[in-house]
Amino acid sequence: MQLKPILIQEFVADDPWKLLVAVTLLNKTSGKLAIPVFWNIMDMYPTPWALSQASELALVTLIRPLGTQNIRAKRLISLSRAYLQDPPSHRDERPSRAMGPPISPRKREKYPPTPISHLPGAGAYALDSYRIFCSGPASEEWKEVNPSDKELIRYLKWKWAAIENKQWTAETGVGCTADLFYIRGLVSELELHSTSRKQWDLGM
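The opening residue of the sequence shown carries number 1 in full-length UniProt numbering; numbering runs sequentially from there.
I should point out that these hints are in silico values taken from the structure, not numbers from a laboratory.
It is possible that some hints are incorrect.
[Unchecked claim] Have a look at the derived ranges for each label pair, beta carbon to beta carbon: (1) P36 x D14: 15 to 23 angstroms; (2) Q53 x R184: 48 to 56 angstroms; (3) P137 x R64: 34 to 42 angstroms; (4) P36 x P87: 23 to 31 angstroms; (5) V60 x G175: 26 to 34 angstroms; (6) E171 x Q53: 17 to 25 angstroms; (7) E140 x A58: 35 to 43 angstroms; (8) A50 x C176: 46 to 54 angstroms; (9) R184 x I163: 16 to 24 angstroms; (10) S188 x S55: 45 to 53 angstroms.
[As the list claims (entries may be wrong)] In silico DSS-like links for lysine-lysine, alpha-carbon gap of 27 angstroms or less: (11) K18 x K4; (12) K18 x K159; (13) K110 x K150; (14) K150 x K166; (15) K143 x K18.
Every residue, glycine too, gets a C-beta built ideally from N, C-alpha and C.
Throw the hints in and build the complete structure from the sequences for me.
See the structure below:
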């Protein structure tokens, strides 16, 4: 059984534009609905240039099953145009508009700068996904991410245990060593989640 959480963000991590398109569709939408639409869009518009030239009406039709199709269609076109005009670079981090998790009841932490922060739709979910999956195999940026999305949380719980042998929660961050009791609990959680999902995660 596959216990590692399978997320589309990891599958397209070598192309930040595709990751941004995917998270635009996934935001507040289940993967079961969003992933097939993502692959349909990639089949028709496989590059930022192609999607930047797409008919808004055609995109609305493709995205309609997900809801908020007018907003998402406009955003995907504007995202692709901005990506072409000012593509992200690891050497050029931009200020983020999104706010991070609350650090007190009345105060929220400002989100750190990232290479994609200037692009349309670069909210917390997109920034978290980028920092976890697109920062490079040698990067430890993922260790600084504290997402609110349940799928990203589950992925980081697995990664902290598998890579660093550490316990981790979104509420308290890194804890002590992942002992046998913790590993058994995590395996049970991942097994339960795995049986409720199918290969639509990667469009298979």
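Evaluated hints:
Separation of P36 from D14 is about 21 angstroms and conforms to the stated range, judged on CB atoms against 15 to 23 angstroms. Evaluation of the 48 to 56 angstroms hint for Q53 and R184 yields a pass: the beta carbon distance comes to about 52 angstroms. In this structure the supplied range 34 to 42 angstroms holds for P137 paired with R64, their Cβ-Cβ distance being about 37 angstroms. At about 27 angstroms, the beta-carbon gap between P36 and P87 stays in the expected band of 23 to 31 angstroms.
Hint check: V60 to G175, Cβ distance near 46 angstroms, so the stated range 26 to 34 angstroms is violated. Taking 17 to 25 angstroms as the suggested C-beta distance range, the pair E171 and Q53 does not conform, at roughly 44 angstroms. As the Cβ distance of E140 to A58 is approximately 41 angstroms, the hint placing it in 35 to 43 angstroms holds. Remark: the range hint 46 to 54 angstroms for A50 to C176 is upheld by a beta-carbon distance near 49 angstroms.
Evaluation of the 16 to 24 angstroms hint for R184 and I163 yields a pass: the beta carbon distance comes to about 18 angstroms. Separated by about 48 angstroms at the C-beta atoms, S188 and S55 satisfy the suggested range of 45 to 53 angstroms. For the hint linking K18 to K4, the alpha-carbon distance of about 22 angstroms falls within 27 angstroms, and the restraint holds. Restraint check for K18 and K159: the C-alpha separation of about 22 angstroms stays at or below 27 angstroms, so the hint holds.
Annotation: proposed proximity of K110 to K150 holds, straight-line Cα distance about 21 angstroms (limit 27 angstroms). The straight-line distance between the Cα atoms of K150 and K166 is roughly 19 angstroms, inside the 27 angstroms bound, and the hint therefore holds. Taking the CA atoms of K143 and K18, the gap is about 23 angstroms. The hint holds against a cut of 27 angstroms.
This entry does not satisfy hints 5, 6, going by the numbered hints stated previously.
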